[in-house]
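For the protein sequence lines, the chains are F and L, in the order given.
Residue numbering for the first sequence is 1 to 327, as defined by my numbering.
Residue numbering for the second sequence is 1001 to 1405, as defined by my numbering.
Pairwise CB distance ranges (calculated):
#, chain 1, residue 1, chain 2, residue 2, range
1, L, E1310, F, P299, 25 to 35 Å
2, L, E1148, F, G307, 53 to 63 Å
3, F, T303, L, R1212, 49 to 59 Å
4, L, E1327, F, T303, 34 to 44 Å
Everything labelled a hint here was simulated from the structure, so no lab data went into it.
Since this is a predicted model, take the numbers as computed values, not measurements.
C-beta atoms are modelled at their ideal positions from N, C-alpha and C, and glycine is treated no differently.
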Amino acid sequence: MTSESGSSLFERRLVIVSGKGGTGKTSVAAALALGAARAGRRVLVAEVGPDEHLPGLLEPGAAPVGYAGRELLPGLTSMRVDPYDALGEYLALQLGAGPLIRMVLRNRGFRQLMDASPGWRELITLGKVWHLGEQRDASGQPLYDLIVVDAPATGHGITLLDVPRVVVSAVRAGPLRRHTSRVEAMLRDPDHTLLLPVALAEELPARETAEFVARVRQEIGIPVDRVVVNAVMPAPYPPGLENLEAKLARLPDTCLEGVLPRPSVLAASVAHLRARHELNRRYVEEIGASTELPVIELPYLMTGTQGREPLQQLGEALVAPPRVVAA
Amino acid sequence: MSASDLDALIASRRIVVVVGCGGVGKTTLSAALALHAARSGRRALVLTIDPARRLADALGIGAIGNQPVSLPRDGLRALGVPDAGSLDALMLDMKRTFDDLVERFADSDEARDRILSNAIYQHVSDALAGSAEYAAMEKVYELSERSEYQLIVLDTPPSQHAVDFLEAPTRLLEFLDSRLVQILLHPAFAAGRLGFRVFHRGAHRVLQVLERVSGLAFLEDVSDFLLAFEGMSHGFRERARRVRSFLSGPEAAFLIAAGPARDAAELAMRFFDRLAQSRVPVAGVIANRVRVWPSGGAPPDPIEDAAQRERAESTLARALADAEGSEFPALEAARAAIAASDQYALLVREDARATQRLFDRARDAGGFGRTVPELPLDVHDLEGLARVADALFGESTGETPLVAD
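Chain L with its partners taken away, still in its complex shape (with noise of 0.2 Å):
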């Protein structure tokens, strides 16, 4: 595998949608990826729900958001970026986008506001699975029907969620097209009146269920907000449908963000089932801040021998006393430098072969896998950025099997 995969892809596609856990970088690599392809003369957006705090002041974007903003062309020249190429960057405010998806297909203002201000949508866009998430893609879809951008990075949010948003339409249509949907519906039951009888019998006793449970005050609640909505549906049914194709086109590809550490490679795994759930395929997995061996290759094995051991010890002591003098505590030393070693050994070897499982699994998937080797400073900065763009894309950052099987 190498970096020419994943070139090509930013060079070709509209959408790169990176999914993956919290705390991986995934908001690092997505504006790193959509800098590459800026400074591939290309007009780039990364689009992003939850930045860190300073790489959201490194791209420009605070806490108002939902409009992009364009990087500096002064800032952007010095990385390298031609003329043709620019990068934006957006905030997204996922409540603000799932409002502005009831103001589109809502059939009137009344009805608008009828939904707006219902309890229970209140807490619908916060909390029906996936939808938060459906509404980014909502956002991606407006924004790539626009000519502004050959490029969208979408940066999903970071929960078990996150590939939710390919079902979430499905699902929400399904709910109203069920026949306890139609029920409640009904403009009787909204009123009050309940007109079960003239209902087929299961939906009618699910019903009757529902209302010993919960109480008739919340069936008409939830009956008055399904009301509103499904003036809605039909836009809304026409509109998933076309988010739903261009996601699986060809013009987008899904790109697994993994951390490198055992727990993270493994909650990655997850991203890789969920995604063939949903017949979505994954392009390529990127193994963010892996720790490598200073001199390259794999780490030594540490010194089982006991002997062989306190020999060790003895030479870098005498080293470290020959340069430091007598004062200094050389033993002790010793001991700690080649304890820390064995340990970043083994930290090195976990990431390795976390990270090997991680490309078998892109590579079975058809994709590739890129590794990013960790960096020695935090990235705040469009500098930072580049850096890490440099080694997504550069030759010293090819996979290099560290340990040998």
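Okay, chain F solo, but in the shape it has when bound (with noise of 0.2 Å):
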């Protein structure tokens, strides 16, 4: 892999961010939306799911954007996907808007069956981003040359990223099958969209990576050139220094007294973070290798991730090249 792979992640025109509910995926999307956004890009972040996040981890006490989206920074727009909305703006595009629709989103038959059926929130939400990547500014340039989807944590977003096969495998004929199709091209063209996991390193988020990227690979088929790995403790001391809780465990007792705690406090304090340290270096190797994909390492960030300065320096990371684990 060579640099310019790091950077063409701002070169799709969409991102997907994908990972269980903990792995900072929303971290992760704010970062990239807003590296994307400093080095001069129009950028889109479209949060899916109940609750809005992001808005709060760029700007802390930030007020919900809602679905009609804000322009939180120059250049920053954020958004929130709620599947009526979506489905309200749709029937209207489809059929006019007038009162027969919102007669219809007003039907209380209406919502049960929807409130019941499952899918079509996917479904809208992906109708949605494809059609917020066909909005044009008055030159009739694309309004976002980057739309970053923070997809919902449940089974790592699958159920969204396979609806439209489904959809166009359920249903035979149609506006709805020819409107999926549509979303689903999108998704499987490697020059417009990228999926991107994030993952931590530890056993089960990292067997779990695993499986994902196989189905996205076997079953989806939609873009995946490299794994986010988050959240990953630095080494504890420099090489050279090899062993130091040992060292420190073997001082006297008493010899830092009334200057620091005890040399086994130490010790121990030394010897979790290298343990955490180590168990991480393991999955991350383990989860280059089961994917096959290059990782790009994010360090864990002892202040949180809330705020511009952290995002910035995860941003930075985030476009290094991502490093070849396995052969």
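Using the supplied hints, reconstruct the complex from the two chains, each of which is provided in its own coordinate frame.
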């Protein structure tokens, strides 16, 4: 991999960031959007799911941006895709805005039907993303150079990504099939779309990521060319100080009295961070090997990821050339 | 709050449902709870969805699931399980459980085959929010009807929908009852002869819109699926009612498993909200893998004063140089050690704060809070599981506030 593959994160039109809850997926989406906006791209970041987290990360205390969205920083717009809003917009586009659409959306039976129906939320969400990508400004240029989707945490977002394929296979004909085919083609276009899986370097997340990438390759066919491993604990001491914890543990118990915690406590702290570091290292390698993808490592940030400064730091690490772990 | 809350729970309930997001060690905690019950002489089963492989190996449950596997008596005896107690494990196959449900309630073989082969059904059982989790509750209920287990611990799937199972059957039934579905259920519809005229105007319009967007063929498939499904709705309805009242009854208890760090605790908070929405009382919260300060109590603050810090560094460097010789880069080592200690102290304080918030929330909800400190090793065998159980029920892990507010 060359450094070009790093910057190519910004060259796609659509990057779908996916990962289980707790992997820091939203922070990665925010860092990516921030980095792209700073590089002069017009970025839209779309959060999928019932809650808004992203605006608060970029701007602590930010008011919700909702379906209409809001430009949070120059060149960076954030929105939340609500499926019912998107459905209303879609129906209006298809059938013309008017009392009929409003009546349908308010109809209790319709709500019940939709509440119980699987899949349409995902489909309409992707439809909205497709539609956003088609938006043009006054000069005919795309309104957004890059759309970043913060995919829902459930099942690694697999339902979201799989739904167009399912619909195309289950619906025999009609506008629904036609529109869904368009969305599916967009998702599978390697020049347009990139799926960016976010993992943690621990046993369960590593395994889930491997399974997720395998399914994406075998069944879903969305381009994926790297995997982000988040919150990797750095080594607690530089090379050349191997087994510092053992050396600390051997010191006389009282030699630091009044100045520092006991040597055994320092030793335990170092040992903890080292164990964490080594565990993370092991699973970074394993994720690289099992997914056969280059890895982008993001450091564990002690201060958390809220605010622009840590997100910029993550954004810089994010566009670094991915590292090929396995042959 | 003491261990006895959790002890009493494990001794008296028939079902303990453990909810929480992925990666917090939910499966391990569930298995440890079941092991504790077995050690107290109960016949326990842990029902899990997606365990880490090595834990699955330790429990003796592989990829082939849906039937309980008994853990070997010798291994259990070594962990202090008396002969009266036993521990079984079952890895749930969601899809199969859902198919079983169809099999049980379909009113004919023909209806069953039509459902199982319907293109829409094949995706419904995967995608209908909470339906897979509902299938898990179904399995629990089925097992609880038999008498071989005194306690079943259910490790729920690590998804946002994990508590939707309580609402899933209601939603499904409301859906089947809705006027729209009643129209779609009309045999004339499935046969492709739309008889819209005779129905309610509002529903008629909705269907027109749906048809224009989705195409008639799709609606016909939906209709065909619903028609086949309707035959099972009576049995399903009755069953769903019983499962629901069993789960909200005195024999069941819900526990929230949480990770230690800020983000994980934040995610756990949402489970309180979701369970409250479903009117399910939370018995308690378990904060897993909480980092604790090696000498106990609250960690010291980092040394802010530059002169003091320099003095601390040189004191440690001198001690290291005395021990390791003059070749050793003692000052560099001292700085690394102090930085590591500060960093670890920060993690400990952060965990303590996050845990405290969870416990406050649990207490407000009338529940208890328990801490399991981070253990030095991964849990991948029965001994490891026993260590978690010891930490969960032991005296040493009582709720000690690590930071003074």
